[in-house]
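K.L.:
Letter by letter, the chains look like this.
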Amino acid sequence: MSSENAGSGETTLLLIKEHWMQYAMPAFLIVASWGLFALCTALSRAFMSWNHTASVAALITGHVLLLLFHHAAFYRLFSSSTTRVLLTNKRILSSQGSLWLRENVIDIPLWKIRSLEIDRHGLLQHLLDYGAILLNRRELPSLPLIPHPQAVHSRIVSQLQEMQTAFGNSTAGSTIPK
Amino acid sequence: MQFLLSPWFIGLSVVSLVVMGLELWGLLRACKRHNNSPIGQMCAKADCLPTAGIAFAAVLYVLLTIAYIFLPPILHNVF
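Here the protein sequences line up with chains F and B, keeping their order. Heads up: the first sequence begins at 1 in our numbering, then just goes up one per residue. Heads up: the second sequence begins at 1001 in our numbering, then just goes up one per residue.
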């Protein structure tokens, strides 16, 4: 995708949404919370004829666990769903945050980037093709959970090379007065 | 059945609904903030929030939360 911000001459090159693995933990929490609730409800029924207090305790525990994990899972899911990374011809923009508690907007000018690394470890990251892109050996904020990091890395590198070529042409064309 | 009508359960249900309301409100604010941010302004057509996936997750969240409140009485009547 490419669109141009006519006012500043900035062109958007690539919009990146984080890999779907960011939803793995929330999905697990949702399933676990309802599973625990079902287990506690079953235990409550089993204890009903044996000990009424234990039965009520099991039921309350199930409800509290469901309340905590269910809402925490969706909180994390909604917080992750608004995370974006945008590559333009001038900078990298990244927005991360969580509902109500944190908002983090990172603006990295491309001219500040001296090195790029792809950090991908573990079988899962290789199989699902995602990883982190590290900038200036972590001196600048890194970009986590990037899908197809090789392609994104290539795109950033090609843009950096274009910038260097344009800078070289502009300095070669300028004349130094004697 | 007494538990289901007890202050405990009613209190948990009310807390659950309040938390759900806060999260959905926070989500709407986050979407609005994103759409007004530099990323949202530059990608207005390609990435306007909330997306269909976010809307689906929100609907699922509401349905599951309501199920959490009404499931125990239904289970109690069935069993």
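If you're looking for bench data, these hints aren't it; they were derived computationally from the structure. Think of the CB as a built atom: it goes at the ideal place given N, C-alpha and C, for glycine as much as any other residue. Errors might be hidden in some of the hints.
Said to hold, decoys possible - Using C-beta positions, here's what the derived DEER-type ranges look like:
1. B:1046 - F:57: 26 to 36 Å
2. B:1055 - F:127: 48 to 58 Å
3. B:1029 - F:121: 32 to 42 Å
Said to hold, decoys possible - Within a straight-line C-alpha distance of at most 30 Å, the following computed DSSO-like cross-link-like pairs (lysine-lysine) qualify:
4. F:17 - B:1032
5. B:1045 - B:1032
6. F:90 - B:1032
7. F:112 - F:17
8. B:1045 - F:17
9. F:90 - B:1045
10. F:17 - F:90
11. F:90 - F:112
K.L.:
So, for every hint listed, does it hold in this structure?
P.N.:
Right, here's what the structure says about each hint:
{"no.": "1", "hint": "B:1046 - F:57: 26 to 36 Å", "in the structure": "violated, 52 Å"}
{"no.": "2", "hint": "B:1055 - F:127: 48 to 58 Å", "in the structure": "violated, 30 Å"}
{"no.": "3", "hint": "B:1029 - F:121: 32 to 42 Å", "in the structure": "holds, 36 Å"}
{"no.": "4", "hint": "F:17 - B:1032", "in the structure": "holds, 17 Å"}
{"no.": "5", "hint": "B:1045 - B:1032", "in the structure": "holds, 14 Å"}
{"no.": "6", "hint": "F:90 - B:1032", "in the structure": "holds, 25 Å"}
{"no.": "7", "hint": "F:112 - F:17", "in the structure": "holds, 23 Å"}
{"no.": "8", "hint": "B:1045 - F:17", "in the structure": "holds, 15 Å"}
{"no.": "9", "hint": "F:90 - B:1045", "in the structure": "holds, 20 Å"}
{"no.": "10", "hint": "F:17 - F:90", "in the structure": "holds, 19 Å"}
{"no.": "11", "hint": "F:90 - F:112", "in the structure": "holds, 10 Å"}
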